[in-house]
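Q: These protein sequence lines are chains A and B, in that order.
All residue numbers for the first sequence refer to the numbering used here, where the first residue is -3 and numbers rise by one.
All residue numbers for the second sequence refer to the numbering used here, where the first residue is 74 and numbers rise by one.
Please keep in mind that the hints were generated in silico from the structure rather than gathered at the bench.
Among the hints, erroneous ones may be present.
Mimicking EDC-like on lysine to aspartate or glutamate, the simulated pairs with C-alpha atoms at most 20 Å apart in a straight line are [said to hold, decoys possible]:
#1 LYS23(A) with GLU53(A)
#2 LYS178(B) with GLU114(B)
#3 LYS67(A) with ASP52(A)
#4 LYS40(A) with GLU68(A)
#5 LYS132(B) with ASP156(B)
#6 LYS40(A) with ASP156(B)
#7 LYS67(A) with GLU36(A)
#8 LYS143(B) with GLU88(B)
#9 LYS182(B) with GLU127(B)
#10 LYS178(B) with GLU53(A)
#11 LYS40(A) with GLU78(B)
#12 LYS178(B) with GLU48(A)
#13 LYS178(B) with GLU64(A)
#14 LYS58(A) with ASP105(A)
#15 LYS143(B) with GLU127(B)
#16 LYS129(B) with GLU114(B)
#17 LYS178(B) with GLU127(B)
#18 LYS40(A) with GLU127(B)
One letter stands for each residue in the lines below.
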Amino acid sequence: NAGVMQNPRHLVRRRGQEARLRCSPMKGHSHVYWYRQLPEEGLKFMVYLQKENIIDESGMPKERFSAEFPKEGPSILRIQQVVRGDSAAYFCASSPTGNLGDQPQHFGDGTRLSIL
Amino acid sequence: TQLLEQSPQFLSIQEGENLTVYCNSSSVFSSLQWYRQEPGEGPVLLVTVVTGGEVKKLKRLTFQFGDARKDSSLHITAAQPGDTGLYLCAGFYNFNKFYFGSGTKLNVKP
């Protein structure tokens, strides 16, 4: 299956710990998007990355959150010093180009982050 | 504030009934997509509409993009339990990202 792979599927952290969420895009896709979803709600855009570049991080909190998409390996969404309000499902999507008007995004099945 | 408002938020109907879900905005979108999401999974793309007034059909699902490209609707004919899920609209806006609506949770009872 060459779909978008996210891991872990479930992650439990205590307040103050760090959470690392990984996303491997579909083969041939060099554009990655991260979204956050609270229960019963839609997805909120967080950040858009290409290989080694952050293109748009306007939806990501300025503190404690960071994202990268290195030349080799998966994209990582990192949350430092987690708080209860960080509990959510985090989805990654990929596309072959950045022209989302024409190219669909393909979503992974998400990481459910729970903060104790 | 939501850029895209979806209505209704929740919908519970009997198998065989018809329904319409709405997605509205005060902003103009260059394109709009509809997704369906099942519990524990990521959204799956159903359709992309690009042209104002465009209508697309996908079996029992009919999608319409408003003439002014500010709104869209999804109509399901003769709903089935397999249609149960969260329906999300997403508008392509401001160059490189989609804004998602808050979703309509549909439950079709057998």
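Q: Would you mind marking each hint as holding or not holding in the structure?
A: Okay, the hints, checked on the actual structure:
For the hint linking LYS23(A) to GLU53(A), the alpha-carbon distance of about 23 Å lies beyond 20 Å, and the restraint is violated. Of the supplied pair hints, the one linking LYS178(B) and GLU114(B) holds, its CA atoms being roughly 14 Å apart against a limit of 20 Å. Pair hint LYS67(A) plus ASP52(A) holds up; C-alpha atoms about 18 Å apart against a cutoff of 20 Å. This hinted pair does not check out: LYS40(A) and GLU68(A) have alpha carbons roughly 27 Å apart, beyond 20 Å.
Taking the CA atoms of LYS132(B) and ASP156(B), the gap is about 12 Å. The hint holds against a cut of 20 Å. Between LYS40(A) and ASP156(B) the alpha-carbon distance is near 24 Å, which puts this suggested pair outside the 20 Å criterion. A hinted pair counts as satisfied when its Cα atoms are at most 20 Å apart, and LYS67(A) with GLU36(A) does not qualify at roughly 35 Å. Restraint check for LYS143(B) and GLU88(B): not satisfied, since their Cα atoms lie roughly 31 Å apart, outside the 20 Å limit.
With a CA separation close to 31 Å, the supplied pair LYS182(B) and GLU127(B) exceeds the 20 Å bound. Using a Cα cut-off of 20 Å, the hinted pair LYS178(B) and GLU53(A) is violated, with the two alpha carbons roughly 29 Å apart. The straight-line distance between the Cα atoms of LYS40(A) and GLU78(B) is roughly 13 Å, inside the 20 Å bound, and the hint therefore holds. Straight-line distance between C-alpha atoms of LYS178(B) and GLU48(A) comes to about 37 Å, which puts the hinted pair past the 20 Å bound.
Of the supplied pair hints, the one linking LYS178(B) and GLU64(A) is violated, its CA atoms being roughly 33 Å apart against a limit of 20 Å. Of the pairs offered as hints, the one joining LYS58(A) and ASP105(A) is violated, with about 26 Å between alpha carbons and a cut-off of 20 Å exceeded. A C-alpha spacing of about 12 Å is found between LYS143(B) and GLU127(B), which places the hinted pair at or below 20 Å, so the restraint holds. Pair hint LYS129(B) plus GLU114(B) does not hold up; C-alpha atoms about 25 Å apart against a cutoff of 20 Å.
Simply put, LYS178(B) and GLU127(B) have alpha-carbon atoms about 24 Å apart, too far for the 20 Å limit, and the pair is violated. Among the hinted pairs, LYS40(A) with GLU127(B) is inconsistent with the structure: their alpha-carbon atoms are about 26 Å apart, more than 20 Å.
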